[in-house]
Amino acid sequence: MQYESQNTARLYFIGAIALFIGQILFGLIIGLQYVIGDFLFPEIPFNVARMVHTNLLIVWLLMGFMGASYYLVPEEAGRELYSPFLAKLMFWVFLIAGALTVIGYLSVPYATLADITGNGILPTMGREFLEQPTITKIGIVIVALAFLYNVGMTVLTGRKTVVSLVLLTGLLGLALLFLFAFYNPHNLVHDKYYWWWVVHLWVEGVWELILAAILAFVLIKTTGLDREVIEKWLYVIIAMTLITGIIGTGHHYFWIGVPGYWQWWGSIFSAMEPIPFFIMTLFAFNAVNKRKREHPNKAAVLWALGTAVLAFLGAGVWGFLSTLAPVNYYTHGTQITASHGHMAFYGAYVMVVLTIISYAVPILRGQEAKSNGMQVMEMWSFWLMSVSMVFITLFLTGAGVVQVYLQRFTDTPQPFMVVQQKMEIFYWLRELSGVIFLIGAILYALSFLPTSTHKQQASTTSA
Amino acid sequence: MSDAIKSERKSLKKDLPEPLPGDLAMWFFIFAELFVFMIFFASYAYARSQNVALFDTYQKTLDRNIGAINTAFLITGSLFVVLSMACIHSGQVKKARGWLVLAEGMGVGFLSLKIIEFSDKLSHGVSLSTNTFYMFYLSLTFFHFLHVILGMVVLGIMIKAMSRIEEFGVHGIESGAAYWHMIDLVWIVLFPLVYVIH
Amino acid sequence: MSEIFTKSMARNIYYGGSAFFILLFLALTFDTHNALPDRDNREALTSQAKAGKDLWEKYDCIGCHTLLGEGAYFAPELGNVYERFGESKEAFIGFMKSRPKDGVPGRRSMPQFNFTDQELDALFEFLKYADGINNENWPPNVQG
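Residue numbers (the numbering used here), protein chains in the order written: chain A, 2 to 464; chain B, 704 to 901; chain C, 13 to 156.
Excised from the complex, chain A in its bound form:
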C-alpha cells in the first residue's frame, strides 16, 4: 500500500461482502417461494424479499465501486485521499441508511412504510429497483455527492490518469442518471421511458465505464504491461460501449407504448452490444498472455479473466438471445429475462468487485498476495460461484423456454399459474444451484479472514 488513506477502502469492502451474503440469502428465500408458494407468507411476502434481494445487490455493488475508487484513486493520482474522514463518515451514513431501509421493508407492510416516510409528498416508491423510500433516495444522492467531491478533488489535484478519469466520468454519470429516479409521472409511458434512463443507462452505460476502469487498473498492476497500451484499449472498449449502449436503450422500448420504430433502432444497436464485451475478453486474455511479470496473486488474475469471460457470456451472449424484437415479443418478461439478468450482473459487476477486493485486500494488509492455501480456497470459491451461476442461468433459461412455449407460442396458450407449475423442476434445480453459490460466497469471505500471520504483522507494525 502506497498511501495510508487507501485503507478507507477496507471498510467498504467488508460492508460489500456482508451485504453480498445477505443478498444471496434473500435470493434463496424468493427462489424457494417460487416452488413453495406460501413459504414465510404473510411475514415476508415475495415482493418484499425480492426488493431486499435486488436493493442489497445495488447497494453492495455501489459500496464495492466506492471501495475500489478509494483504493485506486490515491494510487493513480499519486496523493492521499482528499478527505479520508469524509470517506469513513459516508460509509457509516450509507450503511445505516441502507440498514434502516431494509429494516423498514421487513418490519412493516410496504404501504405503511410509504406512509411513514411521507411518500405522498414526492411519490417515488413502488417502481422496480427504485423501491427505496424517497428519503433514502435523497440520502443516496447526498452520499454520492460527498463521494464524488472527495474522489473528484483527489483526481483533480493529483496526477490525472486515464483510469481515474474514466472511473470518475462513470461515477459522475451514475450520480446524474440517478436523478431520474425522482421523476415519476402518472403517464405510464413517460414513467417507463425515463425509468430506463436510470436502469439501462446505469447497467449498460456508465457502470460499464466503472467496470472497464477497475479491470484496466487490476490488469496494469498484475501484468506489468505498459500503461499506454492498456489505456488505449480502455478507450476503445468504452467508446464501443457507449456507441452501442445509448441507442441500445431502445431494446427496452419495444412494448411500452412508444412508436414502433424503436423495435428497429433498439434491435440494431443492441445487436452490437456484445462487441465491447468481446473486445474486453480478447484484451484481458491478451494482456495476461503477454504479461511482463508473474504476480503472486494468482486468484486476482483468475477473477479478472473470469470477469471478462462471464460478462461476455451473460451480458453479451445471453443478452443477445432475446434482444431482437421478433424474439423479444415472446420472451419479454419471462424467466429468459431473469436468466440473462442473473449472469450479466454476476459476470460484469459482482465479479469485478470481487476482483478488486481480491487484488487490494492483501496489499492493504501489507503483502502482495495471500498465502497459497488461502488463494486455493479463494479459487475454489471462484469456481463454485461461477459454475453454479452458469447452472442458475441454464435452469432459468430452461424454465423460460417452457414458459414461452406454453404461455405464449403454442396455439392453445395456458394461464400463467398453470404454466408455472410445469416449470417447477427447473425452479428446484435453480434453488439447489443457489445453495452451492452461497457456499462459494461464504468460502470467498472466509479466505479473507485474518490469519495468525496477519495478527503478528499487525502487532509488529504497531510496535
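There may be inaccurate statements among the hints.
Claimed, not checked - Pulled from the structure, derived: some chain C residues nowhere near chain B, Cβ distances all over 12 Å: (1) Phe32; (2) Ala63; (3) Arg119; (4) Asn153.
Unchecked claim - If we take Cβ atoms under 7 Å as the criterion, some of the chain C residues that face chain B in the derived model are: (5) Phe17; (6) Ile25; (7) Leu38; (8) Thr41; (9) Asp43; (10) Leu48; (11) Gly115; (12) Pro117.
These are computed hints drawn from the structure, not numbers from a lab.
Every residue gets a Cβ at the ideal spot worked out from N, C-alpha and C, and that includes glycine.
Guided by the hints, dock chains B and C onto chain A, whose structure is given.
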C-alpha cells in the same frame, strides 16, 4: 513526409504489407459504423420484402434529383480529400488545406439540399411513425445526415491541424480522411437502395 | 503489426462517438414525445386512474407482477388483465375481495389488501388505462 519516412515505407513494402493509412483506433470505429449501416440496410431489405407494394409506392415520393446531386457532392468531396492527401504526401501543406476547404464546401452543399428535402417531407406531415417505408427513409437518411455533420467537424479539425502538421502527424490527418470516405461510401449504397431500386 | 494506434485517437473517438450518440438519442426522444399523444391513451388517464397508479406503487404490485412485461415474474402480467377479466369491473373487484387473508397452503397467493370500494375503482381504472396503451400488440395472447 520526410524522405527518411518515405524510404522507410518503401523498404517496408518489400517484406511487409503496406500499413493502413490512419490510426487503428479510427479503423475500429469505421468498422463499427459500417457494421451498423450494414445491419440497417439488411433490415431495410427484409422489411421491404415483407411489403414491396408499400415501399414502391412511397419511394416514388422521394426527390431523386436532389439525391443524385447530393451523390455528386459527396463523391466530389471525397475526390477533394484524396487530392488533399496527395498534396500532404508531397509536402504541399497549403494546397492540401485548400482541397479540404473545398471538400467542406461539398459537405455544406449536401446538408443544404438535405435540409430542403427534409423540410419538404415534414411540411407534408411525414414522420417516423407514418409508415415503415418513411420510418426507414427518415432513420437512414437522418442517421447519415448526422454522420455528414460529424464528418465536417472532423474535416474542420483536420484543416486546423494543417498549420501544425509536424506535431499532429500525417496519420491523424489520414484517419480523418478515412472517416470522410466511409460517409461517402455509405451514401453510395444508401442512395440507390432507398431512392432508386424498386 | 505495423499499424499506428494512438491513445489520443482512441480518446477522441470515445468523446466524439459518445457525444454523437447522446445527441441522436435525444433527437429520437424528442420525436417519441411528439408521437406519444396518439399512442399512450392519455384520454383515459383520469384522476381516478391517477389515484390507481399511486395505489399500484404504494402496494408495490410490480414486486410480484409485470406491467407491460416489466416487473417481477412471480405473478401474472397485468397490462392486459382488463381484457383477461372480460373487461368486467365486477369480476376484478370480486377477485380482489376474495383473496384469503392467510394465503393458500403450499401455493402462491396474492395477499388480502382490504382495499376500499373507492380504491378498487381507482385500481380498475388504472389497469383499464394501461390496457388501452398502444404497445404494438404485446403480449402475444390474452394469457400475458
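Enumerated hints in conflict with the structure, sorted upward: 1, 7, 8, 10, 11 and 12
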